[in-house]
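Q: Sequence:
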Amino acid sequence: QAQAQAQAAQAAQAAAATAAAQAAAQAQAEAQAQAQARPSVSLDASQAYLFDTMGFVIIRGALSPAEVAAANAAVDRNRETELRTRDPQSKQLRLSAGSRGLEGAKVGRQDCGTALSWPSPDGDVFRRLLAHPALVPYLNALCCPGYRLDHSPLIIVQRPGAEGFALHGGNVGDDGGWNYTTAYTFQGGRSYNALLNMSVALTDSGGASGGLAVMPGSHKSNLPSPQGLRLCEPEYRALLTVPEVKAGDVVLFSEGTLHGTLPWSGEAERRAIFYRSTMP
Numbered sequence: 001q002a003q004a005q006a007q008a009a010q011a012a013q014a015a016a017a018t019a020a021a022q023a024a025a026q027a028q029a030e031a032q033a034q035a036q037a038r039p040s041v042s043l044d045a046s047q048a049y050l051f052d053t054m055g056f057v058i059i060r061g062a063l064s065p066a067e068v069a070a071a072n073a074a075v076d077r078n079r080e081t082e083l084r085t086r087d088p089q090s091k092q093l094r095l096s097a098g099s100r101g102l103e104g105a106k107v108g109r110q111d112c113g114t115a116l117s118w119p120s121p122d123g124d125v126f127r128r129l130l131a132h133p134a135l136v137p138y139l140n141a142l143c144c145p146g147y148r149l150d151h152s153p154l155i156i157v158q159r160p161g162a163e164g165f166a167l168h169g170g171n172v173g174d175d176g177g178w179n180y181t182t183a184y185t186f187q188g189g190r191s192y193n194a195l196l197n198m199s200v201a202l203t204d205s206g207g208a209s210g211g212l213a214v215m216p217g218s219h220k221s222n223l224p225s226p227q228g229l230r231l232c233e234p235e236y237r238a239l240l241t242v243p244e245v246k247a248g249d250v251v252l253f254s255e256g257t258l259h260g261t262l263p264w265s266g267e268a269e270r271r272a273i274f275y276r277s278t279m280p
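If you're matching positions, the sequence shown starts at 1 in full-length UniProt numbering and goes up one per residue.
Keep in mind the hints are simulated off the structure, nothing from the lab.
Errors might be hidden in some of the hints.
What the hints assert, rightly or not - Label-pair ranges, simulated between beta-carbon atoms:
hint, residue 1, residue 2, range
1, L50, P119, 36 to 44 Å
2, L149, E267, 29 to 37 Å
3, G113, P145, 40 to 48 Å
4, G217, G176, 16 to 24 Å
5, S265, E235, 16 to 24 Å
6, R77, N222, 43 to 51 Å
For clarity, every value in this text was computed on a predicted model and none was experimentally measured.
C-beta: ideal position from N, C-alpha, C; glycine also.
Throw the hints in and build the complete structure from the sequences for me.
A: The structure is reproduced here in structure tokens:
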């Protein structure tokens with residue numbers, strides 16, 4: 001009798017796992033169908049101007065609700081095994097660089113760089129983002145046709161109270177030398193980004209709650225950025241833009257644009273995944 005009960009329990013667990021896998025696969029299929037059905041758009045004149053002037057542009061609703069749901073469900077299923085939690089008390093692991101304005105409530109950020117290798121269906125939505133039909137025209141316009149992934153995408157999760165990340169990037173290094181690996185240029189009527197960053201919002205964020213922060217126009221700077229700016233000291237805070245985004249929105253910005261993260265004070269956690277593309 002005990003053996004029969006054990007076998008029945010195993011069968012029930014297997015059935016539940018199969019049902020969960022089928023549901024996840026169905027959700028991924030629906031998300032993919034929605035993405036493929038959407039009309040293709042490209043960078044318009046207004047967006048091109050804003051990017052050239054500000055160093056970033058927001059693509060509203062790039063991902064469908066089904067895609068956002070599939071991505072968040074995949075993060076939930078892999079969270080315990082794939083996401084690492086940074087220790088804000090550790091000089092090696094903290095991101096706030098000792099800044100009082102970035103430390104938040106000293107909660108460590110969680111991140112993960114393995115999403116592309118997650119087996120189907122969990123990794124499908126993240127692999128589709130490499131050449132998503134709603135985003136390829138923008139990547140072609142701002143990086144170049146034939147763009148390639150520079151390094152593994154990074155999922156970040158900021159729980160309430162999570163520390164921020166000191167500003168980084170820029171065209172110019174600390175020594176005043178030109179940083180050609182991240183530089184932004186405009187030639188022949190179009191933009192060229194040696195490294196183009198794509199922040200895909202999986203939750204709502206921005207504004208007073210914190211999240212991604214950029215220094216508008218810094219992609220055209222010819223001088224090293226002040227340390228106080230990189231550490232978001234009070235006298236510089238008002239100069240930063242914290243884009244307000246909804247889940248499914250995408251922020252495209254040059255790696256030459258000084259950028260970082262403000263501490264997260266929202267009631268729910270913030271989630272995003274970052275892809276960086278470069279020229280072939």
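Q: Next, verify each hint and record whether it holds.
A: Do the hints match the structure? See the list:
no.: 1; hint: L50 - P119: 36 to 44 Å; verdict: holds, 39 Å
no.: 2; hint: L149 - E267: 29 to 37 Å; verdict: holds, 34 Å
no.: 3; hint: G113 - P145: 40 to 48 Å; verdict: violated, 26 Å
no.: 4; hint: G217 - G176: 16 to 24 Å; verdict: holds, 19 Å
no.: 5; hint: S265 - E235: 16 to 24 Å; verdict: holds, 21 Å
no.: 6; hint: R77 - N222: 43 to 51 Å; verdict: holds, 47 Å
The structure fails to meet hint 3 from the earlier list, while all remaining hints are met.
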